[in-house]
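A.B. asks: As a plain string of letters, each chain reads:
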Amino acid sequence: MAAPLLELHDLKTQFFTPEGVVKAVDGVSLELHAGETLGIVGESGSGKSVTALSVMRLQRPGKIVGGEVRFKGRDLTKLSEVEMREIRGQEIAMIFQDPMTSLNPVFRTGWQVGEPVRLHQGWDKARALGVAVSMLNRVGIPAPEKRARDYPHQFSGGMRQRAMIAMGLTTTPKVLIADEPTTALDVTIQAQILDLLRQVNREFGTATILITHNLGVVAGMCERVMVMYAGRIVESGPTVDVFAHPKHPYTWSLLRSIPRLDEERHEPLKPIEGLPPDLINLPSGCAFHPRCSFKMERCSRDVPTLTRVGDTQLAACWVTQSGVELKGA
Amino acid sequence: MITPLPIDVPAVPSPAAPGQPARSYWQQATTRLRRNRIGVASGVVLLFFVLVALTSPLLAAIFTHTDPRSIDLLNTFLPPLSPHHILGTDDLGRDELTRMFYGAQVSMGIGFLAVGVSLTIGAGVGLVAGYYGGLIDGLLMRFVDIILAVPAIFLFILMSILFKPNTITLALIIASVGWGSIARLVRGEVLSVRTRDFMVATSSLGASDLRLILRHLLPNVLHVLIVFGSLYLGQVVLIEAALDFLGLGISPATPSWGNMLTNSETFFFHSSWLVIWPGLTIFITVLAANLFGNAIRDAFDPRLR
Amino acid sequence: MLAKYLLRRVLATIPVVIGVTLITFLLMHVTAGSYIPGVDLNPNLKPEDVEAIKRYLGLDRPLYIQYTTWLVGITHGDFGRSMIDGSLVSSHIFDRLPATLELTVTAILIGILISIPLGITGALRRGSKIDHALTAMSVGGFAIPAFWLGLLLILVFSVQFEAWGLPFLPSGGVITPGTGGGDLFDRLVHLIMPATVLSFVYLSIWSRFTRSSMLEVLSQDYVRTARAKGMSERRVVYLHALRNAVIPLVTLVGLELPALVSGALVVEVVFSWPGIGKLLYERALQTDYTTVLGITTFAALLVVGGNLLADVLYALLDPRIRYA
Chain A
1108 MAAPLLELHD LKTQFFTPEG VVKAVDGVSL ELHAGETLGI VGESGSGKSV
1158 TALSVMRLQR PGKIVGGEVR FKGRDLTKLS EVEMREIRGQ EIAMIFQDPM
1208 TSLNPVFRTG WQVGEPVRLH QGWDKARALG VAVSMLNRVG IPAPEKRARD
1258 YPHQFSGGMR QRAMIAMGLT TTPKVLIADE PTTALDVTIQ AQILDLLRQV
1308 NREFGTATIL ITHNLGVVAG MCERVMVMYA GRIVESGPTV DVFAHPKHPY
1358 TWSLLRSIPR LDEERHEPLK PIEGLPPDLI NLPSGCAFHP RCSFKMERCS
1408 RDVPTLTRVG DTQLAACWVT QSGVELKGA
Chain B
21 MITPLPIDVP AVPSPAAPGQ PARSYWQQAT TRLRRNRIGV ASGVVLLFFV
71 LVALTSPLLA AIFTHTDPRS IDLLNTFLPP LSPHHILGTD DLGRDELTRM
121 FYGAQVSMGI GFLAVGVSLT IGAGVGLVAG YYGGLIDGLL MRFVDIILAV
171 PAIFLFILMS ILFKPNTITL ALIIASVGWG SIARLVRGEV LSVRTRDFMV
221 ATSSLGASDL RLILRHLLPN VLHVLIVFGS LYLGQVVLIE AALDFLGLGI
271 SPATPSWGNM LTNSETFFFH SSWLVIWPGL TIFITVLAAN LFGNAIRDAF
321 DPRLR
Chain C
599 MLAKYLLRRV LATIPVVIGV TLITFLLMHV TAGSYIPGVD LNPNLKPEDV
649 EAIKRYLGLD RPLYIQYTTW LVGITHGDFG RSMIDGSLVS SHIFDRLPAT
699 LELTVTAILI GILISIPLGI TGALRRGSKI DHALTAMSVG GFAIPAFWLG
749 LLLILVFSVQ FEAWGLPFLP SGGVITPGTG GGDLFDRLVH LIMPATVLSF
799 VYLSIWSRFT RSSMLEVLSQ DYVRTARAKG MSERRVVYLH ALRNAVIPLV
849 TLVGLELPAL VSGALVVEVV FSWPGIGKLL YERALQTDYT TVLGITTFAA
899 LLVVGGNLLA DVLYALLDPR IRYA
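Chains as they are written, first to last, in the numbering used here: chain A, 1108 to 1436; chain B, 21 to 325; chain C, 599 to 922.
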């Protein structure tokens, strides 16, 4: 298999606040190959967004305190700011959650969409606008020449997100990171945007990282998935496998807490007990153990390492690593 | 020169952090204020000037042994540190320090009176306009727009030549325009508070309009009034000084820091201190009022730094 | 869109115009209503003559008709007559307005051009020593009495410099008497102190305001998007952020216009600047009520006009207004 396009090795990002040190990303490692689609799932505060921002070195005011981010072999954490800027927007593009607020309200949309090629490839305004219009067309915005002259507030939410995607693609980046791209949108529009992302991945071959808290989104879009909890990866593997037989109690509980149309409604939904962890004072050992129905004695002592459990999955759990099957109760 | 101060209005109080005993909003604010050294210092300075104003005859009797009006044409323009005249004398031989003491009476008196009247009227209008909305709100705010459209000093000058003001009437003249900005501010606060659940709940319990306004709305806009009041105090002192300086405020027989500066440029060469003392005092007073106002605002909502 | 927005703004000013003119009319009636200009000058006038003059001037008509005449007069630029010498207030205003505009507009420009860099610096270096210093200067600047500052500047840069043999600034007036006003440098040299004094207070306010506006904008999502596109921080700040941060400043300047005109009056008096403020002051000392009221009305209308201008500028800057 070819070398991964993007590799994270034990990445650690922390925020230094008056209340203490927030370990937002606490030792994350992952691999992304060219053209792959990877989903990162977790609740708010799990560190998924900060991981992505750290890749882009946009994590301020946080600090990357350890680990490596290797893109095409180079460690991005060691690059100068000037070198990093060449990567941002050109090789690795990122689009954000709320298209309402993520586009600058005082500049025309076409101008904003064309900005990356003007910046990175030195094109003049007319040429950049041409690319912008054609990209707006590719992402399914009707009447793109006219729309390029419109301002963001004149677009609907879905159209705006399409424009953001267009903006990320004009430089044909190798990696596209989408941070909760559908969360702020209507359900019907969500499906359209996910379709678009799939299409983009196929047509452009752009490796895509999709960050979300919504398992359904991941199911529809990503070949592989990583589950994060309290700044650490707790499980990863092919989406089909992880959803069919999760190897970490957190993933397992998440899947059980979602109502499913194809199941009989015999039992009440089971929400996960307890509260999300305090990232300043993480629990000892496995961060999930206070809320885990399977916990063993070791779980409160030692931090589990991410190891192979089953054929295709990795999980950071003493319980499943010792062979226990996760079954309902 | 009454600028509608673009102050950030403190937001609604946030609940106590977990693990701390629940303390009232006001208690928390007072503690924060006490810890703010600049705030405390400026408060002390203001208090100092208030005390000087209240006790000027006493201070004169103790320190300078003269009164602000005794003219002594043989001893004009004495420099500071002359015998019997610590800050020197002016063009008519009157003791400068005594006049400064008495000047505090004018500035502080007019300042607090104008602020008090403005806050009262402004809060009343703002509360009514914000609470009732609709036509009443429209009419009242239009009226405020009209008053605020005219440059204030122009109106003050007009009223001065009409009424030949003394301390009290001058304060009222200044307040007659000043309430406008406050009314707008209070109305804005009321609009944001009015729709909150506790208002609807209390109203549905059958509380009368007046009761709702006075006992429930007013306490929630009080912090806005206090912050604005302190900042406005500084503004009033400045305006009043300017009017006096122009000769259209308090007549020069009664000393005020402003009228002590009227025509003072003519004696700059030989008696520059006569230009410095009164102006410096005005500056320090207004500075203290501003800093104190900022400190109060920070005490009520530290997020706004 | 733009036209509708402007129309709404213009319509909104009508009640204010009516209100202002109504108040000044009533004040005029109260102070000088039955005063006939020139009566004192001619002791030979008989009571019937006075009545005739009254009727001629329309002073015996009912109040609402008098008000309407006043209002109509204003729309034609007639702001009444002096009760001291019968001269047209409008001709005085015409003479003196350019000086006031020169002073006020320059002060606004100085204020904006200095506040923006100061505000940006404060925002970018938030919490640093420079930021604290700038904030301290703002608080101080806001507390200085403008007339005192003017006096001190004159005393230092005009009087003292002359005494020390240094090149000194003139202490008053628009131009050096006798030069006819053609020399731009001469005008600038006269303008610099009064304009600086007038802008000083507003500098303090506006720079703090720009700072907080900038901080607010820098925390917006679209700034994060801009950084993610890989542009230099300079471009992020000066193109993407600043363009948004200055919009509320326009509104603020508009709101401060009445205070600015008030301040201009004081500066004009201190620097013998021949503007409408100084004119009002001179006439007030002569208890010429009608002129004072005429100028006040005009000044209020000037402010209203200025606010409209600010609204137009705001609409031009913010496409959300232009293409609502």
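Since the hints were derived computationally from the structure, they do not count as laboratory data. Be aware that a few hints might be false.
[As the list claims (entries may be wrong)] Partner residues aside, some chain C positions facing chain A, computed with beta carbon under 8 Å: (1) S817; (2) Q818; (3) A826; (4) K827; (5) D916; (6) Y921.
None of the values given here were measured: they were computed from a predicted structure. Note that CB positions come from ideal geometry on N, CA and C, so glycine has one too.
A.B. asks: If a hint holds in the structure, say so; if it does not, say that too.
C.D. replies: Do the hints match the structure? See the list:
1. Checking C/S817 against chain A by beta carbon gives a least distance of about 11 Å; that is not within 8 Å, so the hint is violated.
2. Satisfaction of the interface hint for C/Q818 is found here, the shortest Cβ-Cβ separation to chain A being roughly 6 Å, below the 8 Å cut-off.
3. A distance limit of 8 Å between C-beta atoms decides the matter here; for C/A826 the minimum to chain A is near 5 Å, and the interface restraint holds.
4. For the restraint placing C/K827 at the interface with chain A, the shortest Cβ-Cβ distance is roughly 4 Å, inside the 8 Å limit, so the hint holds.
5. Interface restraint check: C/D916 against chain A, minimum CB-CB distance 7 Å, threshold 8 Å, status holds.
6. Using the Cβ-Cβ criterion of 8 Å, the hint placing C/Y921 at the interface with chain A is satisfied: the shortest such distance is roughly 6 Å.
The earlier numbered hint that this structure contradicts is number 1, and it is the only one.
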